[in-house]
Structures are given as structure tokens and as C-alpha cells.
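Just so you know, the sequences run in chain order V and E. Position in the first sequence counted from 1, then plus 1, gives you our numbering. Position in the second sequence counted from 1, then plus 58, gives you our numbering.
Please note that the accuracy of each hint is not assured.
Derived list of chain V stretches under chain E, where covered just means 3 residues or more per stretch with a C-beta under 8 Å from a C-beta of chain E [said to hold, decoys possible]:
#, stretch
1, 58-66
2, 70-83
3, 90-104
Simulated crosslink set (DSS-like; lysine-lysine; CA at most 25 Å straight-line) [stated by the list, open to error]:
#, chain 1, residue 1, chain 2, residue 2
4, E, K286, E, K416
5, E, K356, V, K91
6, V, K91, E, K314
7, E, K77, E, K284
8, E, K126, E, K60
9, E, K416, E, K233
No wet-lab data here; the hints were simulated from the structure. What you are looking at is a predicted structure, and each value in this text was computed from that prediction instead of being measured. A virtual CB, placed ideally from N, CA and C, is assigned to each residue, including glycine.
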Amino acid sequence: MFPYLPHEDAISAPFWAATRERRLLIQYCAVCNQYQWYPRAICISCATDNLEWREATGKGSVDSWTTVHRAPGEGFVPPYVIARVLLSEKVIMLTRLVGIESPACDQAVELSWQELSDGRALPVFG
Amino acid sequence: MKTPVIVGAAECDLGVTNKSILELQAQAVSRALADAGLNISDVDGIATNAISRFSATSLADYLGIEPKFTESTFAGGSSFEMYVARAYHAVSSGQCKVVVISFASNQRSAKSRSLGGVVEHHTPEAQFETAYGPLFPLSYYAMAAQRYIHDVPNGREALSEIAISAREWALLNPKAYRYGSKSLTLEEIESADMISSPLRASDCCLVTDGGGAIIITNSEIAKNLKSKPISILGFGESTTNTSMTTHRDLRVTGAKQSGDIAFAMAGVSRSDIDVVELYDSFTITTMLSLEGLGFVGKGEGAEFVLDGKTRPGGSFPLNTNGGGLSYCHPGQYGILLLIEAVRQLRGECGERQVANAKLAVAHGTGGILSTNATVILGAN
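With the sequences and hints as input, model every part of the structure.
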């Protein structure tokens, strides 16, 4: 179901390691008092490289969604629902919605996980 | 300072050509030069992309010239509107005298287009988005459309009207891929294949070969040419996002910044514009650009288009060649927006000519609403 195994690098390694324990980590800047997604080498507000990782609450709402009816590549099995979820940490993630028959914009959703073949996992919402 | 003007415009072969990219490029350039009344040896500036990693260098070599100015900003479909700005500065400063802006693709013949897009494994998007399986770029536009339809009454109907209107224009354009077909009906749209909801096949641009070129020179040189020079009155651009998650509001695009800068430079108002060419990679793209450029307010575009005013004979001529939806979409459509704007301002458009067109807007978008670039052109 998830044929693409994402590469990781030194910046994103803590995020991916935490997915093995089903913990969603988001970068946090203690100077600016704000989260950022996706992980980067610096804070995009103040440019500090002194960023923390904090565990997300796993609560969010659907900013928008789409049901994909054609496969983007080998191994993907449509239909499935892609969404932009606005986390309570005020960052937006791309994800999938699982177990929701009729998704709607602004619907409240919660974190769950889908395992990748290498033991890491993808955060999804339902 | 020398005043830059557009003196040539032409398409290469369109549709299904079975020609190479460089053969199509050479067609586009030679036809645009012939249109201008210039020779290939007059060209000392090149702006192009999507030939190879060294696109401008490749084209210069293929054409046998050694330019003083090259430009290959890779911003998707809006690149060519950006090139007008770059060429404007190069010609006005005297860095060069004759710039050719060109593009060609053989994507339909070569079957080189993939629904998943090109994945570059080292990028943040590949790390955090690709695994979920979005169609690229389609699913991003689909989410923008979903949000639009959720928020705006009659949003779905309005997106359908954009596709219907484009088809009506294409039926007047002998070069359009859908020329000789029939009017698009609501029934056809409702039964079209769903690709990435709410976008159906009828909301999506064509996948064709094609391209074209325009020639920019200074007004001194233009005086001695046969063609009617077109003035470059204003331009602006905006680059907002490459991730599907970093731009907060799916309904507000870089068109606002791009348009505000271009209109301020041109010193004209929205209501002065006679012809509007807005990139229609998807029906939602046109809608968000229409609102972002300030022709209507946010959320007002649906009501605006639903009375049919964008169709032939209407009060707001939009995408008068039939657009990417029904005329031609060679992957990066931005060059064809400029060519149609120039032809409308010259009065060369036959059955689809907008009467007395003096001012035109060409607005390109690229990537996943990643880049926006606006050009305002005027007939002298």
C-alpha cells in the first residue's frame, strides 16, 4: 500500500526514528515559540539552528482532501484519500485519511499510523 | 534606456507531432523571427527551459548563435512570463538587442508525462509527501478545488463553466486541439472520469506537444520592422511554495502579489483590460488567478463567471485561444498565453478576435500554484 520508502538525512533522522515508536515529532523553535513543518536545518522565522523536537498532540482538522483515483506510480492502489491536516501545533502536514467514508473540510481528525516495510511508519489521520 | 517591445510571435506544430524538442524549438524560433522580419543572426539573447540541463546553451548551439544574454529560470508554466521581465531588463539596459523566448515539448508523442510527476529523492517533498501517493501536481490543485467548492456557493458549477467557456473559444480557433469538436455539456462533465476528486478529466488540461516563441527587441530596431510592436507595460511575479503543506491558504495564491506589482507598474486598472489570458492547467487554476489578480474579490469568481461572460461575445473575454483545457497544453503553457495576447492586440485572431483589444493580461502559474507571473501588454 505504501511502496515508496522515503529517504532520510541527518536533519530528519530523529523524526523517522520516532516513527518506529509511533511518536510524531515536530520541530519547535524555543526562541520564536512556534512549530515548523517540514523539518529543516534552521528556523524559518529567526534562522537559529538550535531547534528542538516536540511530540505532537496528534489532534488536527482537515484543511482539504482529495480522493485519488489513478495510481501515481507502481505499487499504489487507488482509491485512497490524501489530505492536508492542520495540526493543533498550527502546522499543516500532507497525510492520508483512513477509515473516513465521507471526508469533509474542517472535520476533526486524530493521528494513527501505517507501517512501512522497513519498520518506520507514516503518520496518517482518521 | 531603450524601450523593449514584442515584435514576433509564433507557435511551433501543436498536438501530436512526432518531432523532437529541438526540432519544435527551431520551428518556433524561425517562425517567430519570420513574423518579426528578423534573421537568426540578429538574435543575441535566449530564454528557454526544459530542453536539457543546459537548456539555453543547448538551444544557442542548435541555432548556431553565441548569445550575450541567456536565461533559464525553471518555474514551470509561469517561466515565460518571468522571461519577459528578464528580457525587458536585458534589452532596456543594452545588454542585448534581440531576445527570443521559446519553449517546446513533445510530451504527447514521447509519452513522457507521468501522473506521479518527477520525484527527486533528496527533496523535502520526496521525504514527507511522495510516500502518501498524491498525483503530482494534480492532487494539490484538487485539494485547492475541494476547499473552494466547500467554501463558495456554486463553486463546482463555476469550475465547469470555465471548462465550457474554454471549449467555446477553442471551437473558433483552427489550431485548437478541440477545434471541430462540439460544445462541452454539463452532462459530459458530470460523467467524465474522476481523477483526483473533485477534479474530473474535464477539469484537467490537455496533454499535447507544442510550444512557441516570442521576440523582444528595442523600439529603435522595431521601427524598421514590418510587424506592429506590442508594448510591455507591466510585469510582476511571486514564488510561494514547493511543498504541498507550506502555503497556509489554498485559496490565496501568489497571483495577488504578482498582479498588484504588474498593475502598479502599468498604471492601468483591472477594468481597463480588454483580453485576459489566465493559465488553465486545471479549472481551479483559472478561478484562483481570476480572484487573485483582483478582477473580482476572493470567493466572488464563481458568481462572476456563471452568467457566461467569459465566453465568446461576452463582456470578459477569457482564454480566447481555448486555453490549456481545449487548445494546447505542452506541459508549460505560459509561452502560449503570451502569443495569444500579442495576436489579440495585433487584431490577427479571425473569428475569435476581441473587437478593439488594446490591453491584455497574460498570467502564468507553475508547479503546484508554486509560482505566479503576470505580464500586461498594450497595443500602440
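Results of checking the hints against the structure:
1. With a cut-off of 8 Å between beta carbons, the stretch 58-66 of chain V has 3 residues touching chain E; three or more are needed, and the interface restraint holds.
2. Residue count for the stretch 70-83 of chain V with a Cβ under 8 Å from a Cβ of chain E: 9. That meets the three needed, and the coverage hint holds.
3. With 6 residues having a beta carbon nearer than 8 Å to a beta carbon of chain E, the stretch 90-104 of chain V meets the requirement of three or more and the stated coverage holds.
4. Straight-line distance between C-alpha atoms of K286 (chain E) and K416 (chain E) comes to about 13 Å, which keeps the hinted pair within the 25 Å bound.
5. Proximity of K356 (chain E) to K91 (chain V) is assessed by CA-CA distance (about 23 Å); at most 25 Å being required, the pair is judged to hold.
6. Using a Cα cut-off of 25 Å, the hinted pair K91 (chain V) and K314 (chain E) holds, with the two alpha carbons roughly 24 Å apart.
7. Restraint check for K77 (chain E) and K284 (chain E): not satisfied, since their Cα atoms lie roughly 30 Å apart, outside the 25 Å limit.
8. Proposed proximity of K126 (chain E) and K60 (chain E) is supported: the alpha carbons are some 17 Å apart, at most 25 Å.
9. The straight-line distance between the Cα atoms of K416 (chain E) and K233 (chain E) is roughly 23 Å, inside the 25 Å bound, and the hint therefore holds.
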